[in-house]
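Q: One letter stands for each residue in the lines below.
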Amino acid sequence: MEFFLSSMSVILRGTGVTVKLTVTSLFLGAIIAVFVALAQVYGKWWLNFIATAYERVLRSIPILIIMFMIFFGLPTFGIRFDPFIAAVISLGLRSSAYQSQIFRGALLAVSEGQIMAARSLGMTGVQTFFHISFPQAVRFSIAPMTNEFTIVLKDTSIAYALGVTELLREGTYIVSTTYEPLLIYSMCAAIYFVITFGTNKFVSIMEKGFAIPGYEVRGVERG
Amino acid sequence: MKLLEVKNLKKRYKNKEVLKDISFDMDKTETLVVIGPSGTGKSTMLKCINRLVEPDGGQILLNGQDVIKARRIEKIRQRIGMVFQEFNLFNHLTVLDNVRIGPLKVKKLQKSVATELAMENLRKVGLASEAKSYPAQLSGGQKQRVGIARALAMEPDLIMFDEPTSALDPELIGEVLEVMRKLALDGMTMLIVTHEMGFVREIADRIIFMENGEIVESGTPEKIFNAPEKERTHQFLNQFTKFWREK
Ligand SMILES: Nc1ncnc2c1ncn2[C@@H]1O[C@H](COP(=O)(O)OP(=O)(O)O)[C@@H](O)[C@H]1O
Ligand SMILES: [Mg+2]
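Protein sequence lines correspond, in order, to chains A and S. When we follow the numbering used here, the leftmost residue of the first sequence carries the number 1, and every step to the right adds one. When we follow the numbering used here, the leftmost residue of the second sequence carries the number 1, and every step to the right adds one.
No wet-lab data here; the hints were simulated from the structure. These figures come from a predicted structure and were not determined experimentally. Incorrect hints may appear among the rest.
Simulated crosslink set (SDA-like; lysine to any residue; CA at most 25 Å straight-line) [said to hold, decoys possible]:
no. : chain 1 : residue 1 : chain 2 : residue 2
1   : S       : K16       : A       : E112
2   : S       : K105      : A       : R13
3   : S       : K111      : A       : I212
4   : S       : K105      : A       : P213
5   : S       : K132      : A       : V41
6   : S       : K111      : A       : M116
7   : S       : K69       : A       : T124
8   : S       : K107      : A       : G113
9   : S       : K47       : A       : G113
10  : S       : K105      : A       : A109
11  : S       : K108      : A       : V41
12  : S       : K107      : A       : F210
13  : S       : K132      : A       : Q127
14  : S       : K2        : S       : D162
15  : S       : K111      : A       : F129
16  : S       : K132      : A       : V138
17  : S       : K14       : A       : Y42
18  : S       : K107      : A       : F3
19  : S       : K132      : A       : Y42
20  : S       : K105      : A       : I212
With the hints as constraints, model all of the structure from the sequences given.
A: Below, the structure is given as structure tokens:
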């Protein structure tokens with residue numbers, strides 16, 4: 001029993017790291033994503049080109065390679081990160097590529113007519129963005145962001161390879177002392193499931209709270 | 001001084017000349033109606049007047065002020081209201097906020113003043129009771145009346161209507177025309193594109209018949225409907241009367 005409790009506390013510590021990795025990476029990704037989407041939707045052709053290249057390249061590389069390049073590759077130029085930071089940067093960059101497409105689609109889902117109406121009132125481009133486009137685009141982004149959250153959450157387990165002591169690594173550590181792989185890994189799986197399920201529920205409640213009455217929120221899927 | 005003067009307005013898309021050489025003017029309180037087949041450049045013309053579309057040539061004067069040369073077009077747009085065929089209400093805002101956002105954010109009026117102004121104009125279009133609703137909860141006719149209130153709340157010198165009833169079910173057209181009729185009587189200056197010929201005949205001070213990017217002829221409703229100079233005008237209007245007879 002005592003053994004079980006100590007295992008539990010190790011696993012919970014790992015869960016804490018996993019959640020921190022997920023949230024920080026998503027946050028970093030969201031900030032970059034807004035700029036990438038803005039460049040793609042409103043930027044001059046060359047800005048659009050750079051943003052699109054960034055997004056396509058990051059979407060095409062396995063996350064493990066991104067992590068290895070940042071953690072093992074960058075020290076060649078004297079740039080060193082500890083494993084947690086390297087994992088956040090990798091997951092964040094990769095997620096920014098996907099989130100930018102969610103936000104880009106959401107911005108484009110705001111009808112041209114509304115933009116024209118805003119301009120006809122005398123709003124500047126910046127006012128139109130902040131009062132009309134952005135608030136609607138954020139709403140359109142909520143549903144597809146649930147999906148992105150789930151993907152990043154699961155991909156944090158790859159930070160294992162850099163030695164980040166997240167949920168999976170802590171689980172593996174316990175397995176090495178208990179020889180109960182099925183039990184321990186099942187517990188890890190259950191924790192991922194509970195977090196995903198709980199978050200999905202939470203987001204769908206939030207989505208209803210933010211919904212525009214009478215208006216069906218259209219979303220954009222990760223593709 | 002004329003309220004609006006349009007001189008030799010030109011616009012082309014790629015190799016298509018959409019507006020060839022449009023000239024007309026409007027007096028204060030005048031109701032000027034533009035009719036003509038679709039694809040003729042009517043919407044393009046309206047959008048050129050507040051430069052939602054950049055004209056390629058010509059001159060536009062609003063109260064004598066050059067619109068095309070204006071450095072801050074936003075200042076001029078505040079004085080030209082626009083009502084759209086597809087309403088184009090802001091979906092995420094309540095009816096009140098749709099109408100209030102212009103006075104509040106563009107004119108930067110105090111919130112209480114902007115609210116009062118918005119409510120006053122909602123009363124004018126008979127929708128004060130829907131202030132808290134969202135656009136998606138309204139009928140098409142109500143949406144368009146909010147669109148009109150939104151334009152009115154900026155207290156513009158001129159309101160342009162681009163086929164304001166074309167997207168409406170027939171039974172909802174009346175309520176919108178009723179509001180426009182009232183505005184005309186109140187002395188609002190209105191530039192209207194519409195196919196509602198009965199309404200045109202009743203409220204137009206002057207009519208412009210446009211085709212293929214050109215003004216074919218213009219004049220009073222009596223002249224245009226009863227004694228048009230050009231055969232083309234006659235043919236165009238005939239389609240409508242024939243259509244009515246068939247109905
Ligand atoms: N953004 C655009 N790009 C290219 N062609 C356009 C554009 N907008 C309008 N046109 C063309 O200009 C012509 C006039 O259109 P429009 O002003 O909408 O006519 P109307 O309002 O009289 O029906 C049409 O042939 C249309 O296809
Ligand atoms: Mg049109």
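Q: Which of the listed hints are broken here?
A: Numbers 2, 5, 11, 12, 18, 19, in rising order.
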